[in-house]
Amino acid sequence: MNQKEFLESLVCPLTGTALTIAEDGKSLKSEDGTIYEIGDTGIVNMLYPKELLPEDAREQYLYDQAFLRYDKGVSWVFETLNHSDEASTRQFFIDLMELKPGMKALEVGAGTGKDSSLILDRVRPGGTAVLSDLSPNMLKLAQEKLSTEDVNVHYFLGNGSYLPFPDDTFDAVFHFGGINTFSERKRAFDELTRVVRPGGKVVVGDESIAPWLRNTPTYATLLKANPLFRAEVPLEDVPANIENFKLHYVFGNAFYVMEYRVTANAPEVDIDLPIPGKDFVDNWRLRAEKAVD
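Sequential numbering of the sequence shown, starting at 970, is according to our numbering.
Rather than coming from a laboratory, the hints here were simulated on the basis of the structure.
Treat the numbers as computed from the prediction; the structure is a model and nothing was measured.
A portion of the hints provided could be inaccurate.
[As the list claims (entries may be wrong)] Under the rule of at most 20 Å between Cα atoms (straight-line distance), these lysine-lysine pairs were calculated in the PhoX-like manner:
no.: 1; residue 1: K1155; residue 2: K1109
no.: 2; residue 1: K1247; residue 2: K1259
no.: 3; residue 1: K973; residue 2: K1073
no.: 4; residue 1: K995; residue 2: K1109
no.: 5; residue 1: K1073; residue 2: K1083
no.: 6; residue 1: K1069; residue 2: K1083
no.: 7; residue 1: K998; residue 2: K1041
no.: 8; residue 1: K973; residue 2: K995
no.: 9; residue 1: K995; residue 2: K1019
no.: 10; residue 1: K995; residue 2: K1041
no.: 11; residue 1: K973; residue 2: K1041
no.: 12; residue 1: K1019; residue 2: K998
no.: 13; residue 1: K1041; residue 2: K1114
no.: 14; residue 1: K1215; residue 2: K1193
no.: 15; residue 1: K973; residue 2: K998
[Said to hold, decoys possible] If you anchor each label on the Cβ, the simulated ranges turn out as follows:
no.: 16; residue 1: V1250; residue 2: E1201; range: 20 to 28 Å
no.: 17; residue 1: T1187; residue 2: R1256; range: 46 to 54 Å
no.: 18; residue 1: E1201; residue 2: A1056; range: 22 to 30 Å
no.: 19; residue 1: E1024; residue 2: V1261; range: 25 to 33 Å
no.: 20; residue 1: N1252; residue 2: E1020; range: 15 to 23 Å
Backbone N, C-alpha and C fix where the C-beta goes; we use that ideal spot for every residue, glycine too.
Required output: the full structure, derived from the provided sequences and hints.
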């Protein structure tokens, strides 16, 4: 997918309708007249809403201020968590995506590109990696750092709750380290899943200290020092049309990573299927009707 094909693949992040590329190639326009600008380095500003919700705007500001020192700070966090091996853990994340050369992958919240470089390695040669972030400064730094040899790489500023792609666009989607602060987290899970083809993978993770550690002295200190570690794994936000869900705790069991495979339809229970081998009708519906709440 070259840059022109990438731009043509983008749709309105709210309605999913087609966008028109300006004659000068510097912007995209939606049916309602909204303009999405294309930067000089090819980064497309697909942020929606244009005026971000307060929590998202706050995170964008913080990351824009911290982009130069971000990597060192994150590595320090992981080192404090049972002296975790950051490099091998990141490899583990990306392995969960089950990427192969030639595939198409999306990373939401690419930051400075630490995980992005591993994604690029998996899909090259011939694959496509689309990288997004809320923070312009973080994304520009990633663009400067990453090698594009034998791989197609495209960038856009975006809100993970409003992805500018049609259904079933990607083979896999990855996000790590921000969804706890998303203003519309449930919608984000729906979007991350929607843009993956049936059979593809979604991998998502963030802070959440494992329940069995929360009352231990050092982890209790961590919970007090940084409220983000108090977050619960957002199982209630996972869409219904998935299978093979797995949950992993990483980085000293202070972060979670969930993985699941996307399905075309949500599973169903046949509550009217008769139980075989009985001389009377019995099924789940009848048992529910007889049950006492």
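Outcome of the hint check:
no., hint, verdict
1, K1155 to K1109, "violated (28 Å)"
2, K1247 to K1259, "holds (18 Å)"
3, K973 to K1073, "holds (16 Å)"
4, K995 to K1109, "holds (17 Å)"
5, K1073 to K1083, "holds (18 Å)"
6, K1069 to K1083, "holds (19 Å)"
7, K998 to K1041, "violated (39 Å)"
8, K973 to K995, "holds (12 Å)"
9, K995 to K1019, "holds (18 Å)"
10, K995 to K1041, "violated (35 Å)"
11, K973 to K1041, "violated (36 Å)"
12, K1019 to K998, "holds (14 Å)"
13, K1041 to K1114, "holds (16 Å)"
14, K1215 to K1193, "violated (28 Å)"
15, K973 to K998, "holds (15 Å)"
16, V1250 to E1201: 20 to 28 Å, "violated (42 Å)"
17, T1187 to R1256: 46 to 54 Å, "holds (48 Å)"
18, E1201 to A1056: 22 to 30 Å, "holds (28 Å)"
19, E1024 to V1261: 25 to 33 Å, "violated (44 Å)"
20, N1252 to E1020: 15 to 23 Å, "violated (52 Å)"
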